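Colleague: If you read the sequences in order, they're chains A and B. Take the first sequence: its letter number 63 is residue 65 in our numbering, and every next letter is one higher. Take the second sequence: its letter number 327 is residue 427 in our numbering, and every next letter is one higher.
In case anyone wonders, no lab produced these hints; they're calculated from the structure. Misleading hints may appear alongside valid ones.
Stated by the list, open to error - With a Cα cut of at most 25 Å, we get these calculated DSS-like pairs of lysine-lysine: (1) B:Lys141 <-> A:Lys287; (2) B:Lys298 <-> B:Lys178; (3) B:Lys293 <-> A:Lys85; (4) B:Lys178 <-> A:Lys287.
Predicted model, so just to flag it, every value in this text is computed and none were measured.
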Amino acid sequence: MSGTTAPLAGLHIIEAVAGSVPDALRLAIGLCGRIAADLGANVIRLEDGDCPQEEALFLHPGKRRFSVRADAKPLMIRDLAAKADVLICDPLTAAALPQLDGGLVEVIIEMAQDTPVAGSEFTIGARSGLLDLVGDAARQPLRIGGHQNAYAAGLAAYLAMTSGLLRRAGGEAPPPMTVGLLDVAVWLNWKTLAIADRSGVSPSRNGPNSEWTILPCADGYFALVYRVPEWPALMRFAAAATLSEERFQTPAGRSRHRSELNQILTKAFAGRSRADIRLGALEHKLPLGPVWTPEELLGDPHMLAREFFHLGPEGGPARARVPVRWNGASFTPGADYRPVAGSSAMEFA
Amino acid sequence: MAALTGCRVLDLGIITAGAATSAILADLGAEVLKIESPSYKDPFRRWTGETLPGEHPDLPPFFRMTNRGKQNVGIDLKTAEGRAIFLDLAARSDIVVENFSRGVLHRLGLDFTALKAVNPRIILASISSQGDDGPDANFVSFGSTLEAMAGLAAITGYEGGSPVVSGIELNYPDQVVAIFAAAMIATAWHATKSGTAKGVHLDLSQRELTSFLCGEQFLAPEAARREGNRQGPGLQECFRSRDGHWIAVTIGAAQLATLGLTVDGNPNDAATWFAARDADEIIAEVTAAGAAAARVLDGNGVLAERGRGWSGALAAGRDGDLVKGTVFAEANRKFDPGTPASLLGTHTREVLARLLGYDETKLDRLISAGVIAEPEQQSTPQKKAMAS
Chain A
3 MSGTTAPLAG
13 LHIIEAVAGS
23 VPDALRLAIG
33 LCGRIAADLG
43 ANVIRLEDGD
53 CPQEEALFLH
63 PGKRRFSVRA
73 DAKPLMIRDL
83 AAKADVLICD
93 PLTAAALPQL
103 DGGLVEVIIE
113 MAQDTPVAGS
123 EFTIGARSGL
133 LDLVGDAARQ
143 PLRIGGHQNA
153 YAAGLAAYLA
163 MTSGLLRRAG
173 GEAPPPMTVG
183 LLDVAVWLNW
193 KTLAIADRSG
203 VSPSRNGPNS
213 EWTILPCADG
223 YFALVYRVPE
233 WPALMRFAAA
243 ATLSEERFQT
253 PAGRSRHRSE
263 LNQILTKAFA
273 GRSRADIRLG
283 ALEHKLPLGP
293 VWTPEELLGD
303 PHMLAREFFH
313 LGPEGGPARA
323 RVPVRWNGAS
333 FTPGADYRPV
343 AGSSAMEFA
Chain B
101 MAALTGCRVL
111 DLGIITAGAA
121 TSAILADLGA
131 EVLKIESPSY
141 KDPFRRWTGE
151 TLPGEHPDLP
161 PFFRMTNRGK
171 QNVGIDLKTA
181 EGRAIFLDLA
191 ARSDIVVENF
201 SRGVLHRLGL
211 DFTALKAVNP
221 RIILASISSQ
231 GDDGPDANFV
241 SFGSTLEAMA
251 GLAAITGYEG
261 GSPVVSGIEL
271 NYPDQVVAIF
281 AAAMIATAWH
291 ATKSGTAKGV
301 HLDLSQRELT
311 SFLCGEQFLA
321 PEAARREGNR
331 QGPGLQECFR
341 SRDGHWIAVT
351 IGAAQLATLG
361 LTVDGNPNDA
371 ATWFAARDAD
381 EIIAEVTAAG
391 AAAARVLDGN
401 GVLAERGRGW
411 SGALAAGRDG
421 DLVKGTVFAE
431 ANRKFDPGTP
441 ASLLGTHTRE
451 VLARLLGYDE
461 TKLDRLISAG
471 VIAEPEQQST
481 PQKKAMAS
């Protein structure tokens, strides 16, 4: 970021992860610290052993990383905490800590209230209802790609951290903040729960027969997304005569004939490319989404124009920047530091 | 004292992304004024009509869940006088949140330049589908559009099958952006209070956030693919138990051996092991081996688990309504979702009198002219108590 002071400049943050906790906590803590590091904080990560390199390249740019023996970590955190503003950690690390300075903002990320350090991202998906929502009705429930349950909790942890910092700035000793992966996932799934609570019937996965789904096109796929107000524009763009039949003109009619409707739309778009669909969506103000792959996105004109990806040293690999522009400026991910022995951590505090 | 005590938010947010962001700011202690135009109500007020008999048609559950903790001020921003009133409020506020289509705020004469002219310390959070600029800036999008365009759909799906989106019930990008946007606004407020920033425009793109949340996929993008439920070494999959439940398991290589599952990560071979056991047996055996297992719950199952594995995500509103809760808990502080969601213009008179000093004569004139609005005369809504 140029021209202005990074918003978290001068802030000292400690990330600490016990070796025996689920990977999801490692990822959630890492994402919280990644955002803070991009925004200018001095982030120190204390870890037991090495993290897999591919995660490190995304999660740990700009952080100083230290390998620390489990038995030495509590006292090291205590010493670092005397100079730090924030500690982000897991429940096992928090439980092993001696009394810390009252001004420290402490954010603890757990899996669930009844199982703070057990389970996986996948079982959090199961318990939150998110798994039940995705995939085909006749097949097994399906996870959303990547590490969404861990990273959503990482966002919540960052929010908790800023809340603590503001309370401290207001003259309070901030109380410990707790983020649960399961609570966050349930929060994301609020609409399903509202419908279930009111009707007793829970929405469930319906794959290709869903109102919003994926359809094939000439060179890949696109997301079929529309609401009632967009139906006339979708009819015009699809240009299939059968769509103007009476039975498709109401939401209830479209719902009753969903399978047939999606087959007609599949045929209508079969000869068009994703680029055609993108242009048509812009022209007709339709929320249809061409499915771009990660590889394609690295050369996507929109992503390039907004400088979303940053190349590491010697040209690669590409790192996504923190997704905010601040008065028009974006934040460049920091340098990569390999883990070093914990004995030198105090130099960076 | 809460984090945002003393902070006033003008909430132009609609549907989920913007309105939920402001709801989180209310949870952090901000005074949130939802500014709604009588000529353009929040579309969530009429979203696929889930209101039950006896409920007010302008207060359906999705709207109520997302707009608790706010006061509602009716101002028609399509009128010059309405826009002037909005700027007067902006001069006495700290944050503006909006998620209109790109260009709307500029055309209204309420963009960052205009806001900063009346309040140099203002924070404007512009939450959009694709960001403020770039070739796709005018793309109309909902959450699942962005899953497709951000790379998430391409890595979601059964092995060898089509991409998959989270769909209309979840609309994943719309949910996560509210957490992130509120966090960035709180960061800007912190920077403003500490003197490192003065007047901040936050350009928040949901597509970029969605890509960021699968950021490791861009490190080796040629290897990005749909792998079903598999993730790393070991076995991760959903299996049917003997008593007919879907059970999700994550079992590492060493734990597979403990369980006598010599499947080398192949779920087809494992299916018979699971099909020979009831759900409770599977969960007991797998967790005893140090691996993870859980029943796949639907919405009713999740609600039944409230107070066990989770508790804060949903809350009982002051009127007994079920509303959105919070994504983090603070020790020694009970969460309060604040005042229930209200009809358009419920607090117009009170807010304009308190903040701008308008007297009744002026308020009556502005209401008659259609510049500001108060609730139409209707019977008091009777809502079904939703909290369980």
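Colleague: Check each numbered hint from earlier against the structure, then list the numbers of those it violates in ascending order.
Modeller: Of the numbered hints, just 2 does not hold.
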